Amino acid sequence: MSKGGRHAYAALSVLAAGALVLTGCSKGGSDTGDNKKQDKENAQRQQATIKFGDAADSQGPAPAVPGAKSGGTIAVPQRDSLAHLDPAQIYVSNESQIAQLYHRGLTGFKATSNDGGEHEVVGDLATDAGTTTDGGKTWKYTLKDGIKFADGSAITSKDVRQTFERLFASFINTGPTFIQQWMANTPGADYRKLLPDGPYKGKHLPAGVLETPDAKTVVFHFKTAHADLPYALGMVGYAVVSQKGDTKEKYDKNPVTSGPYKIQSFKSGKSMVLVKNPNWDPKTDPLRHQYVDRFNVTFNQQYEDSTKALIADSGGEQTAVSLQNSVDAGNLAKVLGDPKMKSRTVKGYQPFVGQMNINLSHPAMKDKKVREAIAYALPVSPFQRAYGGGEAMEIPGGIISPTVTGYDPNFDPWGKKKKPAGDPAKAKKLLKEAGKVGMKLTFGYINSQEGQSYSTAMAAGLEKAGFDVQRQEIPSESFYDQVSKIKNNYDIFNTNWGADWPSPSTVIPPLYDGRTIADGASNYSQINDPKVNSEIDRINKITDPVKAAAAWGKLGEYIVKDVVNVVPTGYFKQVQIAGSKIGGVAYDDVIAGIDPRRLYVK
Amino acid sequence: MVDGAAQPAATPEAKALEGRSPGQLMWIRFKRDRTGVISAFVVIFFFLIAAAAPLIAKLYGKNPYTVYADERPELFDSAGVPVQPNGGISSEFWFGLEPGNGYDVFTKLLYGIRTSLMISVAVTIAAVLTGILLGVTAGYLGGRTDYFISRVIDFLLAFPAQLFFIASMPVVVSLFVSPTDETPVYVRVVALILVQWFLGWMSLGRVLRGTTLALREREFIEAARVSGAPPGRIIRRELLPNVVTPILVQGTYLLPNFVTAEAGLSFLGVGIVEPTPDWGQMFSKASTELVMQNDITYMFFPGISMIIFIVAFNLLGDSVRDAFDPKTAR
Amino acid sequence: MLRFLARRSLGALVILFLLSVVTFLLFFGMPRDPALLMCGKGCTPANLENIHHVLGLDKSIPEQYAIFLHNIVLGSNDFTQGPCPAPCFGYSYHTNEQVWGTLMDRLPTTLSLTLGGAVCFLIIGLSTGLIAAWKRGTLIDKSFTAGAMVISSMQIYFLGPLALAVLVYQTHIFDKPAYNDFTADPVTWFTGLIIPWVVLSTIFASQYTRMARSSMIEQLQEEHVRTARAKGMSRRYVFFRYAWRGSLIPIVTIFGIDLGSLLGGAIITEYTFGLPGLGRLAVESVFFSDLPLLLGVMLFSATMILLCNIVVDAAYAFIDPRVRLA
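Residue numbers (the numbering used here), protein chains in the order written: chain A, 1 to 602; chain B, 1 to 330; chain C, 1 to 326.
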């Protein structure tokens, strides 16, 4: 998924991912040496593959959070309002994070450790993570008993069918597209042809794609094997939609929910109130809890404001925690340096990786020497600075984040770790060899506070190497639309991409598979390298996750070092803080933020 | 009201039986006002350093565009905050370094003042010319012309000014530059000037209209008309010299208003943007969390300099007004 | 009086009408397509066209304007989001909420900021100005005048962040300003807005100090005042009963202008303090190329300005019977 999706607002944001062990085993935060070790451990945690749970693991109730009590109201300041409540439209991280409270899907990621570091995929509405007898071409799911929507109606396979069939309708356009593409066996946006009007005109997916033989059984049929289906089904984008209650576009403001909380009120841009859903049965839910009585969510709370309030921790702030907001850059040093705040601070890596795309469709960029010059010259320290420094962003080597399998900490072909401000001398030499000293380079940057800040410094660094950089400002709300156009004017532009689940199969194919090039697709650099394409196909067929991870890792290195269509700019980290009366605070690596399902009021 | 004939009867100067023109009298009165003279010097100082900014920067040896956070990383932490207190004020960096990309504050302030003053002077000149043109014409010709121009003034005054600026800047910029190229700085400058000019001339226009209306009935105008002078000549030769006073007085209040308005727009991010130095853009930077938490000293450079400038200009305006019309002397 | 009000109201309507036309033209001159915002990932040209149709953007500009006028006067049942009673500004492109509702939601913040600030700066400004006039020529006068001059030269974008940095961040005396519902808890409503009020009032008050002072001094030199003094009336009586009235006009004029612009949304103040008022809404509407919202805010702000102008002009008649509202 792209970070922040379309709504990348301006703010000095700090993102890091990981979890502090709340029992206090980690050493002092101001000691950077120990932090590095902790970071490594956090990252290593994530690289262990996530296995599938069985029927026992899929049963509710969820294991109790130590020390948890019922009751209380939690205030949740959030920076971004929710553009969508319809699960099929939910893709951006802040929307899916909070939706954990009110939407449920066939499967889900269950935290198997109290620090949010270990997970397994289990059945959420289904009895298990899914069974396949033919290596992933056919997947069978059985719905649990006693699962209901917030309006009291039972959840049946009819609703599951509705959930998937409506994904093909044209009004569903912002959610994930993996499963639709798998069903239609085509990449890109052509999947809609499978069922152009969704279920709304009486047509349905053929039994060869989706079968619902009875009220409790759902069978997926794919033409190619997809061992990752249980992971994909855990995304909020595939949460269940009520067939009777499907109001199409209106569902986006008023969905029928299935989680432990229902939406009592929602005022876009202002607030949302979540209250307990009496029709949610904890015995059916292995993932969530219903400790808190009520969540008062408020929007448009900038990182600086919520951080300040939470640091002050007075009055109402003691029972407040932001799910989305990080500690802002200006306050990082204070928060991490104060031992009193340790117990309510969590941090770690986010799955997002920043990368400067080089637009391979432009003739000037086709010269490999030019691309290498860009890679050497580009300063990445401005990117780190813009987001708040070392605690917010790590200088990267490759495109695979420390949170994803296949990450290699020693891979740094352009020497960014030693020279984060770039190596203009080497770059200039390459440019001279290419005979292109002084060539024009159009740099499209996002019109956010960070974008303004890092693009000017990056341009200055590139100019030292002999490029003539023309910066072009792109409004943040349409940034990804602009850069994802096949015909765009930008030679280089930075995008941030996070794995949808901790496997490079959600990073490399969407970004680097040459056959997905289309307007609006995520192959921003428009790379179409035959070796990359064939490797993607080969690795997708590997069923052993360990072997697959190693293969993805190698492919990632080939892309950065040999194809040079992207230059990694940063690994996002996040530090979050909660009020002192909030318990169960853990940074969940999969949700990429504080896990809302475990929270309680002390 | 014009005091074209304010000749005090028994001043000491009259003993020498030399008539002094109103302009000379004004100058004498002005020179006697110490506050006014000091303010004038301060204002001139600002314009001088703005004009000489490139020269000063050359002597100082730095420019406002160098990204010191990358050139001299040892002076900063990884978030771009200067390691030394007070933003790293030193003999090398007189006003310290800007948190973030580490620009030199001294040269940035100089160039920032230069940018803002340049834009504001242009707007002031444009607004004054328009105000004269439309105001005097409306006042003198009266009738339909006056009605029409006054209605236009009313209409423009009802515009929510700042909102209009914010909304129209992207439109004006896109008129000049196709979205495919980088927006050159001069385009933003021209857009700012145009946009502020559009809504900047009305107050002067109204004042001049009033002045002209009053003057129109005076005998000397009547005499000129009777003697057959065409309206254009009357306006040029008889009216204009007599409206110089309100123009000067209003003008000295207009310029600082335009300076602060332009800074406000840059503060909101619709005016001049990084990396072009601009007074308002420095305020924008100063209001970021990074600065407010870690380096308040940075705020004071654009802040204090602007206060000094505005106070000086307002005092100058007061003195000019008093010099023309001693009745209002405190 | 009635005729005056009728005439001015008609004039105001004409201005609003013209303003809406200008806003329309301004919007369609904007380089950004709002449909792109809503389209999201995987946006196909078909999607875009669909959204254009839903938003009514595929109709000609005059037609869209006609629909807009119709909706304002008569309301509309054509929106997919639901019925929209008059005055209907439509639904915001990016939030899908009724524009009128959004305006009303943000109004209390702007209203609180304005009224609280106005009370503050009127009290501070007028009292210091009157005291300075009363004690004319003394040290108090000189220091008040000088102080007012310096403070009025400060800008909100300097004083605001400075106040924040000192009072909130460094010393933690106050919490970050925010708008809290008055009906829920008047105390937090007060404490949440106190810093913006103080900042606003220091900057505006000084304007009134100087105006009140110079206006009073001028009045005190008028013949009728001097006659009253010559007749033996006490300085205080003359000051507070005679001179006061005459000096009101310029003060009321400025107050009307200030009130009008503040009610329309103090953009910089709200931006600096992060208050969700009409000013912020205005910036958002431009940011998102959101035509219905932009029109709503523009017209609302302009209405406030015009209304205050009319009220001020009408007030003249009460203050100064010599003024004829012809």
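Treat the hints as calculated values from the structure; they're not laboratory data.
Careful: at least some of the hints might be erroneous.
Simulated pairs of lysine to aspartate or glutamate, EDC-like, Cα-Cα distance not exceeding 20 Å [said to hold, decoys possible]:
#1 A/K253 x C/E63
#2 A/K417 x B/E71
#3 A/K429 x A/D281
#4 A/K417 x B/D77
#5 A/K69 x A/D281
#6 A/K368 x A/D281
#7 A/K426 x B/E71
Quick look at which bits of chain C chain A covers, simulated, 3 or more residues with Cβ under 8 Å [stated by the list, open to error]:
#8 89-98
#9 169-176
Because the structure is a prediction, the values reported are computed rather than measured.
We put the beta carbon where it would ideally sit given N, CA and C, even for glycine.
Hints, verified against the model:
no.	hint	result
1	A/K253 x C/E63	violated (29 Å)
2	A/K417 x B/E71	holds (16 Å)
3	A/K429 x A/D281	violated (67 Å)
4	A/K417 x B/D77	holds (16 Å)
5	A/K69 x A/D281	holds (18 Å)
6	A/K368 x A/D281	violated (59 Å)
7	A/K426 x B/E71	holds (17 Å)
8	89-98	holds (count 4)
9	169-176	holds (count 4)
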